[in-house]
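S.K.: Assemble the complex: chain A is given as a structure, and chains R, E, G, S and H must be docked to it using the hints.
Protein chains: 6
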Amino acid sequence: MTGNAYDSGRLNLPFVGHCTFAKQPVCLDWDRIEADVAVFGAPYDMGTQYRAGARFGPRAIREASTLFSFGHGGAYDFEDDVTYLPADRVRIVDIGDADIIHTDTTKSHANIEAGVRRILAAGALPVVLGGDHSVHIPCIRAFDDRPPVHIVHIDAHLDFVDERHGVRYGHGNPLRRASEMAHVTGFSQLGIRNVSSSNRDDYAAARAAGSDILSVRQFRKLGVDGVLARVPADRRYYLTIDIDGFDPSIAPGTGTPSHGGFLYYEILEFLQGLAGRGEIVGVDLVEVAPDYDRDGTTAFLAAQLLMNLLGFVFHARGLSA
Amino acid sequence: MTGNAYDSGRLNLPFVGHCTFAKQPVCLDWDRIEADVAVFGAPYDMGTQYRAGARFGPRAIREASTLFSFGHGGAYDFEDDVTYLPADRVRIVDIGDADIIHTDTTKSHANIEAGVRRILAAGALPVVLGGDHSVHIPCIRAFDDRPPVHIVHIDAHLDFVDERHGVRYGHGNPLRRASEMAHVTGFSQLGIRNVSSSNRDDYAAARAAGSDILSVRQFRKLGVDGVLARVPADRRYYLTIDIDGFDPSIAPGTGTPSHGGFLYYEILEFLQGLAGRGEIVGVDLVEVAPDYDRDGTTAFLAAQLLMNLLGFVFHARGLSA
Amino acid sequence: MTGNAYDSGRLNLPFVGHCTFAKQPVCLDWDRIEADVAVFGAPYDMGTQYRAGARFGPRAIREASTLFSFGHGGAYDFEDDVTYLPADRVRIVDIGDADIIHTDTTKSHANIEAGVRRILAAGALPVVLGGDHSVHIPCIRAFDDRPPVHIVHIDAHLDFVDERHGVRYGHGNPLRRASEMAHVTGFSQLGIRNVSSSNRDDYAAARAAGSDILSVRQFRKLGVDGVLARVPADRRYYLTIDIDGFDPSIAPGTGTPSHGGFLYYEILEFLQGLAGRGEIVGVDLVEVAPDYDRDGTTAFLAAQLLMNLLGFVFHARGLSA
Amino acid sequence: MTGNAYDSGRLNLPFVGHCTFAKQPVCLDWDRIEADVAVFGAPYDMGTQYRAGARFGPRAIREASTLFSFGHGGAYDFEDDVTYLPADRVRIVDIGDADIIHTDTTKSHANIEAGVRRILAAGALPVVLGGDHSVHIPCIRAFDDRPPVHIVHIDAHLDFVDERHGVRYGHGNPLRRASEMAHVTGFSQLGIRNVSSSNRDDYAAARAAGSDILSVRQFRKLGVDGVLARVPADRRYYLTIDIDGFDPSIAPGTGTPSHGGFLYYEILEFLQGLAGRGEIVGVDLVEVAPDYDRDGTTAFLAAQLLMNLLGFVFHARGLSA
Amino acid sequence: MTGNAYDSGRLNLPFVGHCTFAKQPVCLDWDRIEADVAVFGAPYDMGTQYRAGARFGPRAIREASTLFSFGHGGAYDFEDDVTYLPADRVRIVDIGDADIIHTDTTKSHANIEAGVRRILAAGALPVVLGGDHSVHIPCIRAFDDRPPVHIVHIDAHLDFVDERHGVRYGHGNPLRRASEMAHVTGFSQLGIRNVSSSNRDDYAAARAAGSDILSVRQFRKLGVDGVLARVPADRRYYLTIDIDGFDPSIAPGTGTPSHGGFLYYEILEFLQGLAGRGEIVGVDLVEVAPDYDRDGTTAFLAAQLLMNLLGFVFHARGLSA
Amino acid sequence: MTGNAYDSGRLNLPFVGHCTFAKQPVCLDWDRIEADVAVFGAPYDMGTQYRAGARFGPRAIREASTLFSFGHGGAYDFEDDVTYLPADRVRIVDIGDADIIHTDTTKSHANIEAGVRRILAAGALPVVLGGDHSVHIPCIRAFDDRPPVHIVHIDAHLDFVDERHGVRYGHGNPLRRASEMAHVTGFSQLGIRNVSSSNRDDYAAARAAGSDILSVRQFRKLGVDGVLARVPADRRYYLTIDIDGFDPSIAPGTGTPSHGGFLYYEILEFLQGLAGRGEIVGVDLVEVAPDYDRDGTTAFLAAQLLMNLLGFVFHARGLSA
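Protein chains in written order, with the working numbering: chain A, 1 to 321; chain R, 1 to 321; chain E, 1 to 321; chain G, 1 to 321; chain S, 1 to 321; chain H, 1 to 321.
Because the hints were derived from the structure by calculation, they are not lab data. Incorrect hints may have been included.
[Said to hold, decoys possible] Restraint-style ranges between C-beta atoms, simulated for each label pair: (1) R:A229 <-> S:A182: 57 to 65 Å; (2) S:G9 <-> G:G166: 27 to 35 Å; (3) G:G123 <-> R:H183: 53 to 61 Å; (4) A:R230 <-> R:P25: 54 to 62 Å; (5) H:A182 <-> G:A233: 55 to 63 Å; (6) E:G276 <-> G:G223: 40 to 48 Å; (7) E:G276 <-> R:P25: 35 to 43 Å.
Note that CB positions come from ideal geometry on N, CA and C, so glycine has one too.
If we strip away everything but chain A, and leave its shape as in the complex, we get (with noise of 0.2 Å):
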């Protein structure tokens, strides 16, 4: 285990200091990101379609995870007896937000997907906080002067419409749009439920790009090992979370709850056994909309999530203690 920063300098509570991604430090110089994981918020939502405020889901993911931020050298699990994250092995920043331009989604995009570049140009991990689910398009295309990639989606609605009234780039296409690039090579969608999750069509069509689809309850009944087991080995995959995906128990702060939804283990343990089975590339987090959240439970979820994860996806490279 590392040394502790306790024992030297600031105490640092959670309720002190500015809020950056688990009080990492920030950087603003994209053309020096020096790190293992690099935070990047996306605080686009002009892609709802029905309660907004997702753009503040970066801030709010960000306040939250001050909680679990306490200083110690890493986190330790004990249920795991694993040091995760160790401070002087693992460097993760927080590099801001991407501009956004109000009325106009196609900039807005474009700013989101060249700071995604910037950070696999800089070989860190990309943590995207959203936004709507949108900008998953700019994320993943991002990647496509990279090797392919495999796409893990854990979500409530399937997210595979082509185009209503023109609209392409909404939070209702991302998957649709990601179908159509050449590096994405399939999809595990886990979580789809309800009626009006989607169309029949749009089910045919996701099933015929690739996708594998698991309900709530499906995945309850393969179990997570059933589930991983189903998910392509050795792939890089790319994993896109929409919070909604989870149970409006415990994510109350999102646009379109739905309820039946994941509760926390179950996708803990898929996302521990998954860091295990290949390699994660990148990660986004969206659909966070704490004015949805009063109490805050959501964003707390979406703060202890990435931390774990990002624990586990380290754990996998051998950087634990």
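M.R.: Showing chains R, E, G, S and H alone in chain A's frame:
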């Protein structure tokens, strides 16, 4: 599957337009209800014993229901591979609310009863949005000139109080009142739990009146099929759902919450089974109190549940795609 | 005074029934708008630069407006000893909302413009409920084939930005866009205040375009009559009210609040005077964001103001009792 | 000035201890009320016509009042250089609440009336915490065997409705009911405002019953002294304060808010004058609805106002320091 | 079963009357505590490291507890067919709160300790309502002149920090401090979870001090009976419940929430078993922070749990019906 | 006027990016503060006597301040025709927060004091964001090796308590502590009001220490110029603003609100005058408690006020455009 409204006309996103139930047409001329389902508000809450505000339940449920009305030709569920409620085969109308007279329970209840009688006279399925649980009394009374019904009751509380301090029509009395009506043949009371849900005498009275009472834990031990097997088959079912039958984690917005309640799929699957076991001839869903539902999860639960329930009912009648 | 609806029919308490503006009739057939006033929602908020959620402004204002619709034959004001809006002389309808296309400002604005044109074609007074202030652009454009208008603008911000990063149709641009239209002859901009309400160049541009700009303190020094005297008389006025022109104490629920704003009677009396000084031919009231209006005061302000304004307008036309 | 409780005993910070009014002693034996003031809750709200929840008004006011009870020997006001309510000279007790019977207005009102009669029998000043404004009816009725009173009424609404749909005891009727009682000699109704505060007939009826009606703007033009001069001097005053007489900026938490209301010092100074102009023999403060008072300002206003009012009343009796 | 208070006297609905725990009598004379249970508030929250406000925990729990006090002669549970807490056999009193001295942890803790000692001296069971978890330190210290206790600890966090920056009495330290007391023989620590719940050294120290630590998932694998079997039998148990041991879905209102916590029945059944396995001699329930409990679920959980726990304790002593 | 950042680079909308004060640069190396203004958080709230949560004041003010940072070259005010705070002439940095040690007032205050000393050593103007009002004590103490200051104090409460129960460093004591320091020459205490703002002895002590105390009403009678005339001219002013000096209508989000407070322009204009009357050498703004500021008005007030104040201070130094 029916045609898709997107192809022409409006996109009609959930946040756009007046709030009627599932954005279905309004019918304020109660002499001309031409529909299979008539949604009817009963915003009476003078019968509550603790937190107020169920009077705004109908408005909250209507608002939440707009999320589940995306303009598809119907509601496709990929788990069942069924398109429920095809727009060309099942007609739903929203007939507005009963006239409520403040300070006057008798008149308010009479107005509710009159509205339900109109719906029944029109041959439509009444779906009543409370209001507190006392509105069940006029609802069930409106069936007194029709064939007998078996009441399926989902609630945390037994609601079988006879009289206290002269009160006979409050939200603790509805099932007792129903038990006194000749056209009510029995009860399945599900979800009843916790100390003070009622006293020992009321339990005895309920059982004497032909009630099968199951707590949440007893329901879980039996399983959905086991519970269904205890409900008399091939009956006309009147379904009364107090939202506090559900767990406060998904239904905080109610006057008298009780921990340890039902989760979403338990009741969803029970209702799916019930719709196939007999005929659901009337529904009331009560005690949604939006002032305690800051993030909206309770109203979404009510709307999502009713949308699915209607799908199941008409699927059982062969009206799906 | 006209007859009282209470004498027969329903009591129709404010909390009862569907939410239309002031519980007036719905008219969804825009080819048959037969009314003196048509209330129209424009739930577009992709033009906002800070807090989101004005898309729910129309719903919140409609809900709040039910408080001001008690079923009297009209709205009696004992200070004026006038019964405004007698039901048999002024017909108000609520025509629903413009179709909003997420991610697409151009189409959304076009739909708003089309709706206003329909209202004007029907000879009714359009009262548009925003949405963010960018919706003023299509609203005012819809008047381009009619006699010239003078714009009366109540706001904390000048909203006279030409272009930044290509944005020309955001909520900082509407008055600039209006200034480019031939049928707009001048502006009275009231309530503008605080550093960063706009930069020096934009003020110069506004004045060059014929604007008379008054801060809240300047308004107070002049008094209502003094301000009215500066508004060109006997014109056709188009009134655009950004709710953030009001003080955050009574209008917290808006995207970009600014302390030091107008109080209620200041604007009420100004509007009463304005209605008598010329003809009010169009109205938009924008930027009500209910997610930041937890106790509802902002929505009540909007509804109360519009109800009074309509009374003044038709009183000036001799339609009161 | 009396001794300071801090010198011995507990610090007793506001957030510590049970919530009684101003942390004064409880007296649940209504046969032994030995006090100068008896605070009494009337948590009845079935008379409301819009937003619910005034039933929790007494609890909210009690909680807020703990802020104004720092344990000094009395309440020193440096502007007046007076220590009001010296603990050794003015005894205040909190006698709890009237028993409310859900669904039953008659019994609930009777219980309120009985409580006020007990207080009067004990020679204490009744201070009743509503509940909705209908609770004024039993309160004022309890004075029917005592010398006549003049009612001073602060409200946005006239509350002079006779009967609608049979309703005679709702929150729109209390002053009408009072006007029918022989021991009520007249009314000063202050703050009445806005269209739909009542209809023309009710204004005529009020004036015929001896009411002097002033709007907020009329009150301001007259000034506090001018208004006081219109209140008959040397009478026994019964004071009924509907919190919606105040502006929504400081009293959002009420069922039927109305913009343009009183500010704090206007009524504070009026009450200070009134206490010296005659004898205040009874008080009710109604319509505090904490569910719409998220930040607590309304409850603080009610508590702060009552604390000052009591100080003025007993200062007028020579009981201050 | 005992007599029913409804037969005479007041209906006493939950929303009526002062807020004491379960509406039980107040006892402010701590020299005359004549009861089986004494509920005692410890509204100290200066030991928190993130979100504030547990100082209002006692008030929130008392308010919520009124829901569970319907005036029956006791609390009937139909699943157990037992009437718990018959009013004539188990006396509960609410003795108010410890005097808290702002800025002064030592004095505040001393006052808490003194209160618990008074309760113990009176032979009553102390039930302490926090406040933050640091209040456990004075609570457990008050047992130092009594027979040894085994601590049963429900929490998300280990709370076994020794000292950081000189802090030894904050809410991260209580179990460590307890471990240093001679009368504490061991610990069962349940629900501990998540990275950063504590560091590796603290886990080692806890185990060295005789602690059996189980995560939520470990608890579930063992089952309630399996967990109970690991708790030393026939001991005197001191039970300390940090509400964040529960899942944020049912306990959002706490300072440092942690996803993946206990659900209701898991702990209910564990406590029922524990009450029969030895003697529960003291209880504290801490970290309820109502400012983050907008809809009240956390406070209801605390109140409902305590009511049931007391029933189990006295049932184990033969005091039920 | 300086160049406009929009011409190149990012649009940088208020909702985009990390929350620093007015989006100014972070400076965490306190040995290299190279700026004219250093904003510094003091998130300590263990000194509060009623509602908690001022620890989150710095975060809330920073978030709100992003609204006032649109990327102009400075902040243009059209009423003054001045561009304040031109970016090339006034450098503002945000140095983060003092390290707060839970349970330990002495250490926390020492850390605050140390930070202010660093700012002063760097020659920058310290602007401290509380936290509760006790943080004024270390702030003012940090000036003890500099020329004397006159304290200008805006507050509802006198804050001149000497000691109660041993407490000398709580939020009721700061001005008393300041009065004991040799470098403090006098006080202007403005806004003090209401019974229980303090007791008679404390007022006498304050006046004996050289304080000029004015209530809100006294301030209004004198007018801004009259009040300014009573402040000793040509002094070094230390300004301490308790947000509860303002009216609850615009500052609900504070621990101990008091009705009848200052409105916005009263203090804005006073501060504008003060900046020209002498040198403002230090500022603290305290008691913003975001948990009671649901709609954000209080945080916006604090941010807007500070932005204007800084403009005035540097305008007085000739640094505007």
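S.K.: With reference to the structure, classify each hint as holding or not holding.
M.R.: Hint-by-hint comparison with the structure:
no. : hint                          : in the structure
1   : R:A229 <-> S:A182: 57 to 65 Å : holds (58 Å)
2   : S:G9 <-> G:G166: 27 to 35 Å   : holds (31 Å)
3   : G:G123 <-> R:H183: 53 to 61 Å : holds (58 Å)
4   : A:R230 <-> R:P25: 54 to 62 Å  : violated (44 Å)
5   : H:A182 <-> G:A233: 55 to 63 Å : holds (56 Å)
6   : E:G276 <-> G:G223: 40 to 48 Å : violated (28 Å)
7   : E:G276 <-> R:P25: 35 to 43 Å  : holds (41 Å)
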